[in-house]
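Below, each chain spelled out in residue letters.
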Amino acid sequence: MNLRKLAIAASVSAIGLSAALVSPAATAAEEQFFPVLAYRTGAYAPNGAPWANGFVDYMKLANVRGGVNGVKMIWEECETAYATDRGVECYERLKAKHGGATAVQPLSTGITFALTEKAPVDKIPVITAGYGRSESQNGAVFGWNFPLVGTYWSGADVLVQHIAKKEGGFDKLKGKKIALVYHDSPYGKEPIALLQERGKMHGFDVSLLPVAHPGVEQKATWLQIRQNKPDYVFLWGWGVMNSTAIKEAQATGYPREKMYGVWWSGAEPDVKDVGEGAKGYSALAMQHGAEPNSKVIKEVLASLHAKGQGTGPKEEVGQVLYMRGLISAMVQTEAVRVAQGRYGKGKRITGEQMRWGLENLNLDQKTLDALGFAGVMRPVHTTCIDHMGSGFARIHTWDGKKWNFSSDWYEADQKVLRPMVMLASAKYASEKKITPRTPEDCKK
Amino acid sequence: MAFFIETLLGGLMSGMLYSLVALGFVLIYKASGVFNFAQGAMVLFAALSMARFSEWIPEWLGMDNLFMANLLAIVVSALVMLAVAWLIEYLVLRHLVNQEGATLLMATLGIGYFLDGVGQTIFGSDIYKIDVGMPKEPVMMLESVFEGGILINKEDFVAAFIAAMLVLALTIFFQKTATGRALRAVADDHQAAQSIGIPLGRIWVIVWCVAGLTALVAGIIWGSKLGAQFSLSTVALRALPVVILGGLTSVPGAILGGLIIGVGEKLSEVYLGPYVGGGIEIWFAYMLALVFLLFRPQGLFGEKIIDRV
Amino acid sequence: MFYRENGQFKTTYQSDQQIFAIPQDRWAILAIIAFAFIGIPLLVDEYLFRAILIPFLILSLAALGVNILVGYCGQITLGAGASMAVGAYAAYNFLIRVDGMPALAAILLGGIVAAAAGIVFGAPSLRVRGLYLAVATLAAQFFWDWAFLRIKWFTNNASSGSVSVADINLLGWTISSPTDKYLFCLGILVVFSLAAKNLVRGAIGRQWMAIRDMDVAATVIGIRPMYAKLSAFAVSSFYLGVAGALWGFVHLGSWEPAAFSIDRSFQLLFMVIIGGMGAIAGSFFGAAFIVVLPIFLNQMLALVGGWFGVEVSIALVSHIEIMVFGALIVFFLIVEPHGIARLWSTGREKLRLWPFPH
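Protein chains in written order, with this note's numbering: chain V, 1 to 444; chain C, 1 to 309; chain D, 1 to 358.
FYI, nobody ran anything at the bench for these hints, they're computed from the structure. Some hints could be false.
[Stated by the list, open to error] Mimicking SDA-like on lysine to any residue, the simulated pairs with C-alpha atoms at most 25 Å apart in a straight line are:
#, chain 1, residue 1, chain 2, residue 2
1, C, K129, V, E257
2, C, K129, V, G400
3, V, K314, D, V312
4, V, K200, D, K152
5, V, K272, C, L66
6, V, K401, C, R52
7, V, K272, C, L71
8, V, K97, D, F296
9, D, K152, V, M201
10, V, K314, C, W60
11, D, K152, V, D205
12, V, K272, C, V132
13, V, K123, D, I175
14, V, K60, D, S313
15, V, K433, D, M101
16, V, K72, V, Y343
17, D, K152, C, Y275
18, V, K401, V, G277
19, V, K229, C, M1
20, V, K177, C, M1
21, V, K272, C, E59
22, V, K433, D, N156
23, D, K152, C, G277
Generate the whole structure from the sequences, applying the supplied hints.
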């Protein structure tokens, strides 16, 4: 190779690199910056893309509505491809832009674990609405993690409650067999502790069937299910693993009516290409399901998509994962509002102030209705100690074409959850040498 | 007993599907000494192209016939795969003749990245459906012999049958046609083949095209089973132990290796897995291949390695 | 002109056996090290430290390990990520299970455990060769991936299977700020690179190279293949293990087995082949290329889109990113199959004659 050309190419790209890295940090006082760690490529893209679209659409909607007391929301997406190291790089890249990130949502359990270490140093709240580590509900130890609206333990608890109700009471669960088909990663393993705890309480048997990433090979798993004939199958999958599991259930003749997924296994991309074969399959709805008729969705369609300013395809608006992104964004903008109430209306707030907002969030039904979320979700009320805020969930069932609600509201039993949360977070605190915050610390 | 037979059958079926991907590896390695890591990406690319064209063609032509749409999509995808194969050979591997194995391996990995990117840019990164009318519901057989009968997955059965047909066709192609003979000659000795007037460049193009078509068949079958999605490219990793167990240069090896690995991993997962927590099938397949290699370092049917100083 | 060694006479054995026999090299290396220790911390911001420099240093160390095995001993491995995982988890277990264990000692012990595991999984190399071996090393990769997910003892019974460690404390120096972390990794990397440079020019390194060039011939002249191959596996795994422990302790702080997945193994092999097999410097070039290029492309493409007034979606950006990445790899392999290190040595050769090439 011609060395001179290479040298020129190298120096040109070096100049470009420095230009790219040192982009001007335009700081306008009245803008609130949110990094959006998303994945629109790779194995999990079908599920990651609608989430990001929903998140961004709500931010746009919030601006259309006039921002939070006039403060405009700005955001920047960064592609993580569900990989931890890319996620960390994205976080580092975006955290200081536009005067500093308000909060960060990793959208991957692996990235959550990594950011849990970094966020307290940078004083940026990590928001994991419906995922992340379940013990981070304990705000005393996990000061910067917010598993808002639900954790895997609360989800698994609701599932157990649901099948108990179907069977006719917790005492009927004795001797039942439940198989957990899970993504072999920290994400998939989260519910195990709770299911085993509940299994001890009620005398049902939990068998664990891990599926290796990305989950396209499940023949042996379903052969085992066919052999053991469990009474229920819980599915804790993500991405292509979900649809493969349902297809394998179909191929081995396991009744879909006895399959229950977590809320990350119960969205349109999971069942779409199975169609009729997935009929009867149920999944948790993390409060919301598919909500094409809700007020907020109509507003999004009218004020964004009708004007060609929407994100992503129009058909996707109101779907399950889209709604989850939307709700995640809503909770955050509302937290900004709360924080502004204390630190000055119409002012940009910092990550630390945002944490106060997130810890004092009180979204009652009236506020939710006003925001257009009537019927979509229930009130969320967080405190300094409880970073989850709400443990409600429903079940919805796929009828071959769309998701329909098939149960009433359940609430996770804090009597079961709380001791587990305390135990696990105490262990974390001792490993990391953290002194838990006291109620006095919270008032600061 | 019935369950054992079911597991065994399940293993054999997945084995055939692995063989289908493994064949692509073997074809190319045999003729050009390139260990083509891009095979997985080619399968994905083929599946995506099949899925999307069968969706687009009815839109473009305004027709509503699933069979015609699929047929046209297969033809178009085959042309696409031929073009891809030719481009890979022409733009990359032609320039890397006589390089070390590791360099070639990395080059094909680079091609794999490129194909992943192109495929997703053109065809999108959602999960797409390939509907070639594969039967989805299971059937029960021999219910009189065993209690509960044996569950047969018809889709797997059809897939295994197609795979077997493909192998048969390839064998006939290699054994009976003039081009096939030329290919075997090249595989045996590049220089000798060249000296008797076989055009190496053309042979390599043909081999890549055949591998591209094999990828299309694998892509359609796997895609119809799992949906055409990015994760399809990882099936290549499942096919690797098959290739080394069977021998990098042997077509029958790919088939037999596939069957051994398929049965081995299913039996291990079902009967051994529960004792160690499950999820062992991936590494078990590799361990199985490794154990075979310790006895035959060149794989079951691979060419014997002779060392001379 | 710059590299002309005419007139430099070596009068003692000692000066003949230096690591860097040419003064220009010696001074250049010293200058680079001094700049890395003093200059960079003054110039660089936090993003560069955390997102680029620290991963670069740690992955350079890992690439060094892979290069010893692949470049010097000729045994292709796709199980490098597994060695890193073994190092990281072993170091974690030493740290939490032994009271008062200093973190640095735990990291080094992690390396030793990784070396032992490397010997076990390197044993097939005595019988299996070439691509067959490469695929066989994947057995180690998938086995360890599985083991750290499944065997709870390794993760101290963490319910989710992921582990985390507190900041490292080294003789009263708490390593928490990005600069501290950078300096800590840099220190380790410098020591290990010099050790590697020395190893490969010593007796053992020459044995490795003999095995690489032709193992039957090496056996004939009296090199024991078992000793040579397994020692290469051990040393390489030691380097990888230490790198893995650093990746977990210093870079991530909290990790799961997926941090050391098969993609990492491929990435490391890329670094070695793009950088240059059988060249210590190649590991650094390769690591820089593989770490910086995707990030650079990613940011560059969005920026270029901005110049033309188009907002490029991040999906398109990352698709183009992997396309360009793949194409560049192929391009590099075609124009310089021996890696960037070879380009560098060609360049040095030219500098020697410049400006009078005849």
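Now for the hints, and whether the structure bears them out:
no. : hint               : result
1   : C:K129 with V:E257 : 23 Å, holds
2   : C:K129 with V:G400 : 15 Å, holds
3   : V:K314 with D:V312 : 19 Å, holds
4   : V:K200 with D:K152 : 20 Å, holds
5   : V:K272 with C:L66  : 18 Å, holds
6   : V:K401 with C:R52  : 21 Å, holds
7   : V:K272 with C:L71  : 23 Å, holds
8   : V:K97 with D:F296  : 17 Å, holds
9   : D:K152 with V:M201 : 23 Å, holds
10  : V:K314 with C:W60  : 21 Å, holds
11  : D:K152 with V:D205 : 20 Å, holds
12  : V:K272 with C:V132 : 17 Å, holds
13  : V:K123 with D:I175 : 18 Å, holds
14  : V:K60 with D:S313  : 16 Å, holds
15  : V:K433 with D:M101 : 15 Å, holds
16  : V:K72 with V:Y343  : 17 Å, holds
17  : D:K152 with C:Y275 : 14 Å, holds
18  : V:K401 with V:G277 : 11 Å, holds
19  : V:K229 with C:M1   : 16 Å, holds
20  : V:K177 with C:M1   : 23 Å, holds
21  : V:K272 with C:E59  : 20 Å, holds
22  : V:K433 with D:N156 : 16 Å, holds
23  : D:K152 with C:G277 : 10 Å, holds
Hint compliance for this structure: no hint is broken.
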